[in-house]
Structures are given as C-alpha cells and as structure tokens.
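Enquirer: Hey, can you work out the whole structure from these sequences and the hints?
Each chain, letter by letter, is given below.
2 protein chains.
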Amino acid sequence: MSRRGFLAGVAGGALAGGRTLFALQSAAPAVDATDLRARIEALSLFGRPPAGTFASGVTRVAYSDADLAGRSYVLELMRAAGVTPRIDPAGNIFAKRPGTDASLRPILFGSHIDSVPAGGNFDGDLGVLASIGVLDAFERRGVRTRHPLEVVLWAAEEGVAFNRGLSGSRIVAGDIAPDHMEQMWNGMRRADAIRKIGGDPDRIMDARRDKGAWHAYLELHIEQGGTLERSNTAVGVVQGIVAIARYEAKIIGFANHSGTTPMADRQDAMIAAAHLTLAVREAVTRKPGRQVGTVGKIEVSPNAANVVPGAATLIIELRDLSTATLDSIAEEIRGRAAVIAAETRTTIQMTPASANPPAFADTAVQDVVERAAQSLNLAAARMPSGAGHDAQMMARLAPMGMIFVPSIGGISHSPKELTRWEDCAHGANVLLQSVLALDRT
Amino acid sequence: MSRRGFLAGVAGGALAGGRTLFALQSAAPAVDATDLRARIEALSLFGRPPAGTFASGVTRVAYSDADLAGRSYVLELMRAAGVTPRIDPAGNIFAKRPGTDASLRPILFGSHIDSVPAGGNFDGDLGVLASIGVLDAFERRGVRTRHPLEVVLWAAEEGVAFNRGLSGSRIVAGDIAPDHMEQMWNGMRRADAIRKIGGDPDRIMDARRDKGAWHAYLELHIEQGGTLERSNTAVGVVQGIVAIARYEAKIIGFANHSGTTPMADRQDAMIAAAHLTLAVREAVTRKPGRQVGTVGKIEVSPNAANVVPGAATLIIELRDLSTATLDSIAEEIRGRAAVIAAETRTTIQMTPASANPPAFADTAVQDVVERAAQSLNLAAARMPSGAGHDAQMMARLAPMGMIFVPSIGGISHSPKELTRWEDCAHGANVLLQSVLALDRT
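From first to last, the protein sequence lines stand for chains A and B.
The numbering used here puts the first residue of the first sequence at 14, with every later residue one more than the last.
The numbering used here puts the first residue of the second sequence at 14, with every later residue one more than the last.
A hint or two may mislead.
[What the hints assert, rightly or not] Derived contacts from chain B toward chain A, CB cut-off under 10 Å, selection only:
| # | residue |
| --- | --- |
| 1 | V308 |
| 2 | V320 |
| 3 | V321 |
| 4 | S367 |
| 5 | I424 |
[To be verified] Which stretches of chain B does chain A cover? Using the computed rule of at least three CB atoms under 8 Å from a CB of chain A, they are:
| # | region |
| --- | --- |
| 6 | 238-247 |
| 7 | 285-292 |
| 8 | 295-303 |
| 9 | 328-335 |
| 10 | 392-404 |
Quick caveat, the hints were computed from the structure, so don't treat them as lab data.
Quick reminder that beta carbons are idealized off the backbone N, C-alpha and C, glycines included.
Expert: Structural data, given as structure tokens:
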C-alpha cells in the first residue's frame with residue numbers, strides 16, 4: 014500500500030490507476046494519522062500495567078476504574094470533535110452530528126474500549142478513535158452529510174464481567190430483562206456496575222432500539238487473525254460473523270491400574286480423546302474453506318500418571334459463516350467418534366453445548382466498503398470474522414458492515430497485539446469513505 | 014482347576030497325573046478355605062462405607078482408625094494361630110513361629126491390609142490372611158519346619174498417606190532418615206501416625222534390617238490385572254516387579270483466538286499432545302512383550318473452549334522388567350516427539366520425571382513356586398508384576414518370590430476388585446507348599 018494511496022482520500026471517486034492525485038489532496042477529507050496514533054497511545058495509559066509501556070498492553074475490563082477513566086478520555090475527544098455525547102441506560106456512549114436532512118436516519122459507527130485482562134491496545138480502541146477521527150476530518154473540511162452521523166462507544170463488549178455476555182450492544186438489540194440487573198460479579202451488582210459508568214439500570218429496558226433505528230452500522234476493527242497480513246492485504250471486507258457450534262464429547266472408558274493392565278485390555282479414554290482431537294482437525298480441514306475447529310478444553314479423570322484414564326470430556330468448537338457447513342462437519346465428526354469408540358472400546362457421547370447463529374454483513378454495505386478501499390488504492394478481500402463483535406448485534410437492527418485491518422502475526426487478546434500505524438490510518442479512511450458513500454444512499 | 018487338585022496338598026511330592034489322592038488328604042496340611050473366606054469377609058468390615066456390603070469395598074487408608082481396627086483383628090488371628098506378634102518401630106507387625114533348627118534364618122511371608130480410598134477387599138488382605146492360614150494349617154497338622162517361619166503385616170503399603178511412599182517395608186529395607194518422621198499429612202505428623210499404630214518413631218532407624226536377615230521372602234497377592242483370568246491360569250509366578258520410568262513431555266505451541274486463527278496458522282499444543290499420546294501407545298505395542306505405557310495425566314493451557322491451546326504437559330509412564338526395553342521405547346517416543354513438534358510447529362521437551370529400577374524375583378524361588386503349583390495340579394505361568402509391592406523392597410534383603418492369583422476382569426483399587434474364593438484358596442496353598450519347599454533348602 015503506497016503512502017500516495019493512503020492520502021488520496023477521494024470521496025467515492027473512481028480513479029484511473031496511474032492518475033496523479035496531488036490536486037485532490039487538499040480538498041478531500043481524511044482522518045489525521047498522527048492524531049489517530051497519538052490517541053491510541055494516550056488511551057493505552059488507562060489500564061496499563063504499573064511501570065509498563067505501550068508494549069505492555071492493557072487490562073481495561075468493563076466497569077473497572079480503568080474503563081471509567083478511558084471512557085472519560087473518549088468523552089473529551091467527542092466534545093472536541095464538536096458533538097455532544099450522551100450515555101444510554103446500558104452505559105453505551107452515543108454522540109450525534111446532525112445531517113442536512115433531519116428526516117434521514119443516522120449512520121452509526123464505532124466500537125468498544127473495554128479489554129480482556131492483559132489485552133492489547135487495538136482491539137476496539139482503533140474503531141472508537143477512528144470514528145471520532147472521521148468526525149474531526151469532516152469538521153476540519155466543513156463536510157456536511159445528508160444523514161446524521163452517530164459515533165458509538167459500546168459498553169462491556171469483551172464479556173469478561175458478569176457471567177453472561179450481556180454487552181451494551183446486546184442490550185440495545187433487545188436481549189435484556191430487568192432481572193439481569195441483579196446479577197453479581199466480583200462482589201458487584203450489575204446494576205451498580207452500569208450505574209458506575211453512567212448508565213441507568215432502572216431504565217435498562219429503554220436502552221433497546223428498534224430495527225431500522227439506523228440507516229447503517231459500520232465498525233472498523235483489527236482482524237485478530239493473520240489472514241490479511243499473510244496475503245499482504247490492507248483491508249478485510251467482512252462478510253459476516255461466523256456461527257459458533259460447540260459440542261461436548263464425553264468419553265467413558267474404564268479406569269484401571271497403569272502397571273497391571275495389559276495394553277490389549279485397556280479402555281483408555283485418553284487414547285480415544287487423542288483420536289477424536291485429531292479427527293476434529295481432519296474433518297475441518299478436509300474441504301477447502303475458512304471454517305475452523307478447535308478442541309481447546311479437555312478434562313481427564315482421574316488424571317493421574319499411574320491410572321489408565323477412565324473418562325475424558327472434550328469441548329469441540331466449530332466456526333463458519335455457513336451453519337450447513339458446520340452441521341456437515343459435526344456429522345462427520347460424529348461418524349468418526351463412533352468408529353473411535355468401537356476401536357478403543359469406549360463410549361463417546363457428543364451433545365450440542367451451544368450454538369450461535371451467524372450474523373451476516375449487508376451485501377450492499379460490503380460493496381460500499383470494498384469500493385471505498387479501491388478508491389484509496391488499497392487491496393481488499395472479503396472474509397468472515399471468526400470472532401464476535403458488537404456488529405453482530407447491530408446486524409439485527411440495521412444493514413451492517415465491518416472493516417478489518419491486519420493484525421501483525423495474527424495475535425490478539427494479548428499485549429503483543431499490534432497493527433501498523435499505516436494500516437490503522439488506512440482502515441480509518443476506508444471507514445470515512447464508506448460513511449460518505451452510505452450517506453449518498 | 015479341579016476341587017480334587019486343590020485338596021491334594023502334598024508337600025512337594027511329585028504326583029503322577031491320574032493318581033488317586035484320597036489316601037493323602039488327611040495327612041497333608043492345607044489352608045482352610047472356609048476360614049480364609051470368613052476372615053477376608055470379616056476384615057472387610059473395617060473401613061467399609063456406612064450401610065455398605067462386601068461389594069462396597071473398603072477405605073482403610075494407612076494410619077486411619079479403620080486401619081488400626083483392622084490391624085487389631087489381625088493381631089487376634091495371629092495369637093489364635095499360636096504365635097506372638099510384635100510391632101517393629103515402623104509399625105510393621107511380625108509374628109514368628111520357631112523352627113526345629115534355631116541356627117537357620119526365618120522364612121518371611123505376608124503382605125499388607127491398608128487400602129487406597131474406595132479400594133477392594135483382596136489387595137493385600139489376601140496375602141496377610143493366607144499367611145496366617147498357613148500357620149494355622151501347620152499348627153493343626155503338627156507340622157514343624159526346620160526354619161523359623163515369620164508372618165508379616167507391612168504398614169502403609171499403598172502410599173496414600175504422606176507425600177512420599179515411605180511404606181513399612183521400605184523402612185525395613187533402609188530407605189529412612191530420622192527427619193522423615195517430621196513430615197505432615199492431613200494435619201498429622203508422621204511420627205504420630207506411626208505411634209498411633211504401635212510403632213516407635215524415636216527408634217525408627219532400628220526398624221532397618223540387614224541383607225540376609227531372612228532365608229527368603231514370599232508374598233501372595235492378587236494380580237490386579239486380567240492376564241491370569243483371560244488365560245484361565247490359576248497361579249502367576251512373578252518374575253519381578255517392573256521398572257517404572259516416567260517422563261514429563263512439555264509441549265509449547267502458541268495460544269490464539271479459536272475463531273480468528275486459520276487452521277494452517279495454528280501452533281496447537283493439543284494437536285501435538287494427541288499425536289504424542291498415540292505415539293506412546295504405538296511405540297509400546299510395536300514389539301511383542303508385556304511392556305506397558307500410559308499417558309494418564311495431561312494439563313492444557315489455557316484450557317478454554319475458545320482458545321487454541323498454547324501449552325500442554327503430559328506424563329508418559331513406561332513399565333517393564335527390562336530397563337533396556339524402557340530405554341529403547343523412550344528413545345523411539347523421543348524421535349516421534351521431534352517429528353510431531355516439527356509437523357505441528359510446537360516445541361516438545363521430554364524430560365525424565367522419575368525412574369524406579371526393577372526388583373527381580375529370585376529364580377530359585379520362582380522355580381519353587383512353580384513346582385508348588387504343579388504339585389497342586391494348578392496351571393501356572395511366569396509373569397511380571399506391573400504394580401509395586403512390599404516384595405519389591407524385600408528383594409533387597411532376601412531371595413524374593415511372589416504368587417499371583419486371578420483378578421476378575423483385571424479390576425483393582427476399586428470396590429469391584431474381586432477374586433474367586435477358590436482362587437484365593439489355591440493361592441494360599443501354593444504359598445503353603447512354597448514355604449515347605451523353601452524350608453527344605
């Protein structure tokens with residue numbers, strides 16, 4: 014990606030490849046890359062480990078003091094961008110910039126700033142700060158959109174706090190009941206947690222918004238995987254957020270003395286678990302596609318060096334945009350499990366543990382994002398999101414689109430999470446151009 | 014095995030196969046099968062779960078009140094057999110019956126009565142009660158041996174109590190230092206535990222005995238495996254107690270998001286662990302022989318459904334009489350681990366965790382046991398013991414031999430542990446005949 018391409022912020026213009034763009038630079042709005050970097054670095058201070066550096070990452074768990082401080086910083090930035098933030102009953106922060114046509118619905122864009130424990134400085138943060146950067150750019154260039162523009166900071170995206178992933182965006186999408194406010198976590202009531210960040214738990218049901226509340230929803234986010242970096246692609250056009258199917262595989266063998274039980278007599282649950290773990294990988298990788306499957310968790314009983322394992326429980330997780338693909342992989346694993354059980358003289362029960370449906374990005378919004386990237390001379394590729402995002406909830410209420418930028422080494426949820434500053438700015442400008450393009454629809 | 018064969022307790026006599034034996038029955042000493050059964054059933058009361066039956070097994074952990082009560086019962090049986098028990102400083106119970114030649118060293122035989130939690134009614138108990146049955150039989154028939162006979166109940170064989178397997182037999186074999194008495198377990202000092210069962214921790218070093226203290230050591234025990242039952246063999250002539258080599262295999266991959274990390278980019282420690290687990294089984298079963306190998310324990314990090322496992326630690330345990338065999342299997346596993354590490358892009362470090370040498374049974378004693386079985390028309394087969402036993406320690410001090418009887422289904426360390434009463438009696442009489450045969454040497 015050339016520096017020239019990045020600066021060529023032409024609103025939706027179709028550009029001939031070799032054309033000189035200098036004439037357009039001063040006229041076109043663009044997110045200020047220096048500001049964006051400075052703000053990501055500044056936000057990293059809230060939740061930084063003691064005596065740490067930017068490379069130490071952040072622990073900015075939702076509802077913590079660090080979260081509260083980070084939110085105050087974002088509120089300041091919003092005000093500086095000329096918009097007045099308001100906090101909804103769920104603790105989400107919205108800031109609206111009027112458009113020229115008050116009858117049009119707002120275009121919403123944003124992300125979150127809460128983190129996992131020992132997380133990185135880009136997950137969520139980039140999307141929020143780039144969104145404010147878009148408002149700044151419009152303000153600087155005097156750009157007025159037809160639609161109102163609304164920037165959002167979603168509360169509690171990471172699902173670390175409390176025992177249900179009741180993010181601010183989920184509440185807005187309607188998955189909420191008053192008694193959820195009574196849940197406890199770390200000695201804190203959810204109602205008090207929401208009140209701490211400026212929400213109003215007594216009016217929590219008012220946080221819900223109707224389908225059609227927004228013209229569209231956009232979210233810029235780091236990929237959190239290594240696909241873009243490896244293929245040297247600046248922009249991922251997200252097709253949707255994958256479905257997740259989890260199965261519990263319970264293997265029952267027979268626990269016996271590791272010294273006195275001949276190999277031929279064993280009903281070793283660990284051997285069956287090993288075969289099944291490999292079968293999951295084989296079933297997932299047999300066909301081309303981006304589907305993934307993981308055995309991330311195992312419990313073995315009695316888990317002692319001198320006992321042939323009598324039982325093992327695995328969690329099998331499958332992810333893909335297509336639930337049909339997931340079902341067919343699960344069916345194949347089930348078939349393999351039956352063979353493995355017979356061969357190892359164990360029983361294997363595979364039961365569904367949870368199933369999340371996919372959340373598709375709107376195809377027209379995907380086209381808008383792709384053209385925005387092309388207009389900036391940035392290579393773009395369509396791809397699924399393997400991780401969950403606030404956009405997943407917003408897909409229920411509005412045409413949704415997501416913009417991914419490369420994660421170095423595909424590392425995320427880690428202090429080592431990193432995205433090149435150049436790529437951050439690229440993503441921010443794809444967001445800006447996409448907002449402008451959507452404003453024309 | 015015919016009932017006739019069992020009753021034909023001819024002391025060391027070589028019998029023609031078809032010969033009628035009725036004439037010999039009244040003259041030959043034999044362990045009373047009814048008594049033996051009644052005593053095994055009676056001993057099972059000490060440590061039986063509340064409202065349980067014989068089939069509920071026992072929890073008679075060393076130094077517990079149940080252990081103390083069981084030992085009192087055995088002390089009574091010893092006195093009834095005409096011998097005076099004494100408790101050594103380690104809490105082992107010895108009871109000596111004089112021989113006709115006071116210059117000869119005693120023949121020692123016995124076992125233990127402590128159990129694992131939720132253990133069975135035969136592990137150890139059979140050997141102790143059969144040994145007393147041998148004395149009873151001699152007393153009843155007026156048999157006087159040349160050598161003194163000494164029955165032993167070893168303390169704390171199962172290694173459940175305290176953090177080191179400091180059994181009574183290990184102390185007698187010399188693996189003891191005064192400071193071991195200070196170890197704590199379950200709020201109890203080892204010195205107090207030993208004192209509770211009648212030992213004398215202040216004189217613990219006096220429990221040690223010299224090599225040559227006994228003419229021979231014999232132990233009757235259940236097999237705890239399924240080899241004898243499956244081959245319909247009444248008696249196992251133990252060749253020795255296997256060596257145990259344990260290795261810790263530490264696999265380091267890279268923990269990453271299970272949704273955003275494509276299959277091709279993963280460094281999945283669980284996948285490597287699965288391959289390694291299967292490689293252990295393959296390496297162990299590739300060559301004929303009785304060697305066994307187990308991956309009984311695994312720890313995975315972070316062990317979460319939505320994270321590609323970043324690290325896994327396995328314990329690989331190998332057992333065989335031959336340390337050369339163990340070394341060659343370990344070498345093969347090491348080679349496979351290197352290939353697996355390369356293929357899964359992980360690192361695998363395999364380090365020795367512990368190594369117990371084998372303890373061989375004396376070949377002359379093995380011959381004695383085998384001939385004793387043959388004299389009773391019982392099928393016998395030589396075999397290693399995959400489990401540890403007090404005999405392992407005694408092999409350091411005296412020519413050692415062990416007699417195995419079949420475990421139904423190969424089950425042990427379980428309330429389901431079971432040996433047919435007929436087989437118990439067979440074993441007891443092989444013990445009796447072996448004692449008589451050793452007395453002639």
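Enquirer: So, for every hint listed, does it hold in this structure?
Expert: Taking the hints in turn, this is what the structure says about them:
no.	hint	verdict
1	V308	holds (5 Å)
2	V320	holds (5 Å)
3	V321	holds (6 Å)
4	S367	holds (9 Å)
5	I424	holds (7 Å)
6	238-247	holds (count 4)
7	285-292	holds (count 5)
8	295-303	holds (count 3)
9	328-335	holds (count 3)
10	392-404	holds (count 4)
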